[in-house]
Amino acid sequence: MTASTPSLARGGEAPTTAVVPDRSSTRSRRTLRRRGYALFLAFIAPNVILLAVFAYWPVVYNGYLSLTSWNLLSDTKPFVWFANYTDMFTDPEFGMVVLRTVIFSGGIVIISIVLGLLVALLLDQKLRGRNLVRTFSFAPHIVSGAAVGTIWLYIFDPSYGLLRQLLGIVGIASPAWMTDSFWALPGLIIVYVWKTAGFVAVIYLAGLQGLPSDLYEAARIDRAGPLTMFFRITLPLLSPVTFFVVVTSIIGSFQAFDVIAVMTGGGPGTATTTLSWYIYEQAFQAFDAGHAGAAAMIMFVLLVLITSAQARFTRNRVHYQ
Amino acid sequence: MTAPVTLSRTARSPITRRDDSRHSGPRQSIVVKFLLYLGLVVVGLAAIIPIYWLLSSSVKPSGEIFVFPPRWFPTNFHWMNFVEAWHSAPFGQMYINSVVITVLGTVGEICVAVLSSYAFVFLPFPRKNLIFGIFLGAMMVPGTVVLLPNYMTVAQLGWVNTYAGLIVPGWGSVFAMFLLRQHMMTLPTEITEASRVDGAGHLRTLWSIVLPLSKPMVVTVMIVTMVSKWNDFIWPLIVTNTDSMRVLPVGLLMLKSDEGYTDWGAVMAATCFVVIPVLVVFFFAQRQIVAGLTQGATKG
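Line by line, the protein sequences are chains A and B.
Heads up: the first sequence runs through residues 1 to 321, numbered per my numbering.
Heads up: the second sequence runs through residues 1 to 300, numbered per my numbering.
These aren't lab readings, by the way, just hints derived from the structure by calculation.
Careful: at least some of the hints might be erroneous.
[As the list claims (entries may be wrong)] Computed far set for chain B versus chain A, every beta-carbon distance over 10 Å:
#, residue
1, 59
2, 73
3, 92
4, 103
5, 138
6, 152
7, 158
8, 161
9, 211
[Said to hold, decoys possible] Using 20 Å as the maximum straight-line C-alpha spacing, the simulated SDA-like pairs for lysine to any residue come out as follows:
#, chain 1, residue 1, chain 2, residue 2
10, A, 77, B, 256
11, A, 126, B, 39
12, A, 126, B, 37
13, B, 256, B, 240
14, A, 126, A, 288
15, A, 126, A, 230
16, B, 128, A, 32
17, B, 256, B, 280
18, B, 128, A, 285
19, B, 128, A, 46
20, B, 215, B, 188
21, B, 256, A, 269
22, B, 215, B, 103
23, B, 256, A, 225
24, A, 77, B, 155
25, A, 126, B, 41
26, A, 77, A, 288
27, B, 33, A, 225
28, A, 126, B, 38
29, B, 256, A, 179
30, B, 215, B, 62
31, B, 33, A, 129
32, B, 215, B, 195
33, B, 33, A, 125
34, B, 128, A, 34
35, B, 256, B, 111
36, B, 256, A, 285
37, B, 33, A, 132
38, B, 256, A, 267
39, A, 126, B, 75
40, B, 215, B, 190
Predicted, not measured: the structure shown is a model, and the values here were computed from it.
Glycine included, C-beta positions come from ideal geometry on N, C-alpha and C.
Working from the sequences, and respecting the hints, build out all of it.
So this is what it looks like as structure tokens:
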């Protein structure tokens, strides 16, 4: 990689010169390699620029914004150090936002993983029609969140909704769901679980179908019951899948926005103001770049921590064959 | 994101695919069988009823909407809901916008992804795995976090309320690039080397050898990308500010503020505008969509 062959390295076209004859084969190889380097950079350049501008720079800039109190309009961005953070950490309302996000995300993640695993076990049985059910349960995952929110608003409608009828069969009076500050958040959790559980199930199903049979045979010889087999073999072997699903659903539910926007707009009051809605509200409705930035930073740090914890868990604790 | 990479160790290893022997051990009794089928039916219904409800309500006249208990089957099809919905917001323009953004966005992202995945697999560079890791790191940056800074960048470029502002930020590609790279790594290197000895440049090797060989994966990635661009909500919401630039999912929000969601028949019809194209694509390309969306988990 000395600078001995700069003119060749810059040659734009293909390695027709690659077949450079005799002399120094090392020299031509070097040229080739330099051309390869240049081409590598050219090929990744569009992506590098796009990701730098729209994925990495925003994080840095957001960090800066979180240290200012800027109203998005004025020319100056007054620097306030960590005032936004101390504001938020001492504000009980923000504490509620975080708590709500934890309940919301935790609810979605736990319920959709339990349901998803159960559905996967069901779909793993030799049953007629299981492919159709698999298709059905995956479908909600690809429907636009805005549409899903609209559909469920109608289903939740306390006077004409479908759910009112279904609850009526079991003799339960329908709550007002999205206009009730207690039921709005559980309602959103139901909607997100409906949207993601099938996806989780399909991932688990793929995991189940990749499990080796010899362990089960050994267990059967040992007269292990199905429950023992499930808890001692299946579940541990699926742990990498579980960790993957946990992390992706945490990331997904932390960012949940479209369904909330359509169904509640963060309300009633602040009953469904999760972290992502809070960020949006601070930035684009309250024009408070500082608080939006600080909240976004907190979310980013949380997600990085969760992801790296997952990486470590996967490395250390997860059972491999 | 490390998840897909670390998972590869288990999921990828060529374990002999187990047969279904583990179910056939002790004979399943009739009762168990019945319960399993019952479970299957419940799961299928729970997943599909809301979608059925959307489709069926979209053709219900208001007389069948505002009744309790609700009607499970529309007695006569009231197609006027669709006409009403179409005129309640500029859905024609929004359709054009959604199609343009989905098509250009997907084509751009796939080009970017193909180029960089080819580079990571077939071109030499020192420490390119480290660079790849840095690329993957972008997957950890949540869309909500970059919202405001990206809006300001786009504003500085003068792209607010333009197609460029809607499309270009989405061209940067991590997930699509990741899937394509994983696939290209499985291609035998002899083929590409042979073609280069023949004097074909890298662009030609990419175009006439690697792309045709990667076609199934490219199609998969393309469909998944299209669906996610079509459904995209938050970015189009903030980067546009006139009705004429809105996309379909955002249009649903407009419907709400205008009508307060009273006319459920028309609202469901409008929701169909957004959902039906995706359902049609899902119907024809189910295998690719499921594969593309679950690949991150099960394949490395």
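Earlier hints that do not hold, by number: 5, 6, 10, 14, 17, 18, 23, 30, 35 and 39
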